[in-house]
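Enquirer: Quick note, the sequences are listed as chains F and A, same order. Using our numbering, read the first sequence as starting at 1 and increasing by one per residue. Using our numbering, read the second sequence as starting at 1 and increasing by one per residue.
It is worth saying that the hints were derived from the structure and are not from the lab. Treat the hints with care, as some may be off.
When the alpha-carbon atoms are kept at most 25 Å apart in a straight line, the in silico SDA-like pairs for lysine to any residue are as follows [as the list claims (entries may be wrong)]:
#1 A:Lys195 <-> A:Leu387
#2 A:Lys367 <-> F:Gly296
#3 F:Lys367 <-> F:Arg344
#4 F:Lys195 <-> A:Lys195
#5 A:Lys165 <-> F:Asp10
#6 A:Lys195 <-> F:Gly107
#7 A:Lys195 <-> A:Ile414
#8 F:Lys165 <-> A:Asp10
#9 A:Lys195 <-> F:Ser109
#10 A:Lys195 <-> F:Glu393
#11 F:Lys367 <-> A:Asp293
#12 A:Lys195 <-> F:Asn113
#13 F:Lys367 <-> A:Glu27
#14 A:Lys367 <-> F:Glu393
#15 F:Lys195 <-> A:Pro111
#16 A:Lys165 <-> A:Glu27
#17 A:Lys367 <-> F:Leu387
#18 F:Lys195 <-> A:Glu11
#19 F:Lys165 <-> A:Gly273
#20 A:Lys195 <-> F:Asp74
#21 A:Lys165 <-> A:Ile226
#22 F:Lys367 <-> A:Arg106
#23 A:Lys165 <-> F:Ala391
#24 F:Lys367 <-> F:Arg382
#25 A:Lys195 <-> A:Asp239
#26 A:Lys165 <-> F:Asn113
#27 A:Lys116 <-> A:Gly132
#28 F:Lys195 <-> A:Asp293
#29 A:Lys367 <-> A:Asp293
#30 F:Lys165 <-> A:Ile226
Number of protein chains: 2
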Amino acid sequence: MRCSILSIGDEIVGGMTIDTNSAYIAEAARSVGVDPVGGLSVADDEPAIERSLERALEDAEVVISTGGLGPTSDDLTTACVARLAGRELRLDDESLRRMEERFLARGGSMPVNNRKQAYFPEGSEIIPNARGTAPGFICPIERGGRTRHIICMPGVPHEMRAMVKETLVPWLAGRNPERRFASRIFSAAGVGESKLDELLAGVVSAEEARLAFRAAFPRLQARVTIWGAPGDDLEARLDAIEARVRERAGSYIYAVGDEGMEETVGRLLRERGLTVAVAESCTGGLIGHRLTDVAGSSAYFQLGIVAYSNGAKQSLLGVTEATLISHGAVSIETAEEMAEGARRAAGADLGLATTGIAGPGGGSEEKPVGTVCIGLAWEGGRWSRRLDLGAREREWIKAMTAQLALDRLRRHLIDPEGSARS
Amino acid sequence: MRCSILSIGDEIVGGMTIDTNSAYIAEAARSVGVDPVGGLSVADDEPAIERSLERALEDAEVVISTGGLGPTSDDLTTACVARLAGRELRLDDESLRRMEERFLARGGSMPVNNRKQAYFPEGSEIIPNARGTAPGFICPIERGGRTRHIICMPGVPHEMRAMVKETLVPWLAGRNPERRFASRIFSAAGVGESKLDELLAGVVSAEEARLAFRAAFPRLQARVTIWGAPGDDLEARLDAIEARVRERAGSYIYAVGDEGMEETVGRLLRERGLTVAVAESCTGGLIGHRLTDVAGSSAYFQLGIVAYSNGAKQSLLGVTEATLISHGAVSIETAEEMAEGARRAAGADLGLATTGIAGPGGGSEEKPVGTVCIGLAWEGGRWSRRLDLGAREREWIKAMTAQLALDRLRRHLIDPEGSARS
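Whole structure, please, built from the sequences with the hints as guidance.
Expert: What follows is the structure, encoded as structure tokens:
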């Protein structure tokens, strides 16, 4: 089964909003073996929407659209679908009741133009919306002597995502009841996409699985999708594949699942009952920002010091003047003293530090832009490393340094002896 | 003139990569009065690419595509365009020479399969690529008795963007030599899109200008585009429109142009020769991260302290135990003491602080999730404010708090008396 993905809205076509919905839907569809054949975006214009829907129906058995389900006169999707399918619009009492309750719960009454959102093409399956007013729907439509389906969801990403998980994916999976799908994501760090591709080449055969990569810098993921008959033990097969993946690329895989490095590190710190303090120079606060993106991070993260100046490195982190003079602010010696200083200032178990040249200025022949040092300190030990990330953009260098520093912390948490040895 | 935008590549259709190119191209085209009518994405598959190109040509006089210009067998765009246009592929010696030089400059010789990238449909205008190997091209094609054009660029965003600025935009503008376009962007903070839309309603008439909004949270922009004959003083008309925009929404406009708040604040600090130190609790380092995203920020930013725990607030920022006990960590009193503490620790002119409940846990009836306090301290004065941002997602609360804190700093830099009064 194939699907075509349609994104409806002037803001998408005009470039005011980047379409993130289509990629999300494509990945979800692939996870149950439904291949996206292409995507279309179209403005809030009836003839254009109808033409795009017809094109999408030519390409695939299932058309999945987002947008155009709101209460205003610009919202045209439902009417267009009903017309193409030759079906009347019918009021769904249950949807109307839920929408009215939603407005009441927020202390208001429902504006009259929201009623429109409770009308659907006759014979549609309604997709409840737990997070907003507009329900979605699945409308059958006859084309080329076969029944095809148009699935409409709102364009608001978090509403759409909930519907995809709760309704779309099970519905798509149910269209092909003889086949089951399962997938596993491997989150990687410290390795580029082409290198990971090379390492994993041939780890699964095309007959048994599909391997796809997704790079959302600095996050890199490999996803393995397998299929089988109902009753097959897909999880056991994924476990066997995971073992092979780990054998080839284990040191780069920081998590199984769609997990950020900050979540992995947070989980490890929590499991071990340890705390960390951070001293940042070139990352400017990004490591603290990422650690505190995790709910409950106050249990293990108490202090970060963004010591951009040498003065701050000395007064707050206790980096010695001798170190700064003989090795410079960007050096493994300074990184180690910063890490130890942060640890001491916070009374934390671990200290993590970064110092480097994010550019575009500040580089020298000996220490060009992209030179960064990462330091780690713990009770009775220190570790540091100098890296050459190359003369990339400032934001890239910051992001990569933060990722590699957090990854170093992760490696230490898993294998403290490893840090002591290296 | 209208354009249709085509994005070519398995990674786009499969959802592994979010298509940011199409929105960028759409905005660039609109800035010279070329209306995007819609977009398509298509996999690396010859029949599918040709079908999509034909559809795009039905919709618009100009088709702008990205992707599929690489050296591998998956890269099919050029061959498809040549076939549809009925034109032979011809080697362009100049492009080949540049590519070979590029490889030589990097210390290698050009692999033989890169030669493919120097072939173009006969009669095409070649678009040089200053940042990568694959040049783009503009190929004329006859459809419906008229000459239409297919413009092909590589999918690598930074290569494509340079081509759009240097070649595509001037080329599109040149297709309509009787009309000139000019636009101005207003960057806003502290106001939502619908409120800004309301404030600016009617500020320009549809006959003289177009007004479009772009929300890339926490950044909000309004863009005014006007047009006229060659020789018209478009800048003077934009100045007049800017005056009207400022009259209605001036207090929310933090910059004219596509500028981040951190850049505006950095520029103001630099102009005034002032320095700032930051004390962050709920924003966790995000303010420091944003300030240091600006090259040269070390001139005015020297120190940030991420004081997540009460202990760190006391020991490093000098927040008193009495304040923490009587008002709590999330209070305007604590925010002011944090700001003053950061200022003092860094010996900076200004101190900026945030403390709040980013959730999902930690809220109370008196201080629910979304309660945040912003503090500012300067020589001889302090300012603070408590805000209720609502029970939104943790990341949203962090981002909005950082934006509003930086905006407060900006307002103070423009009008120090205003902070003292309020």
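Enquirer: Would you list, in rising numerical order, the hints stated earlier that this structure does not obey?
Expert: Hints 3, 4, 10, 13, 14, 17, 19, 26, 28, 29 and 30 are the ones this structure does not satisfy, whereas the remaining hints hold.
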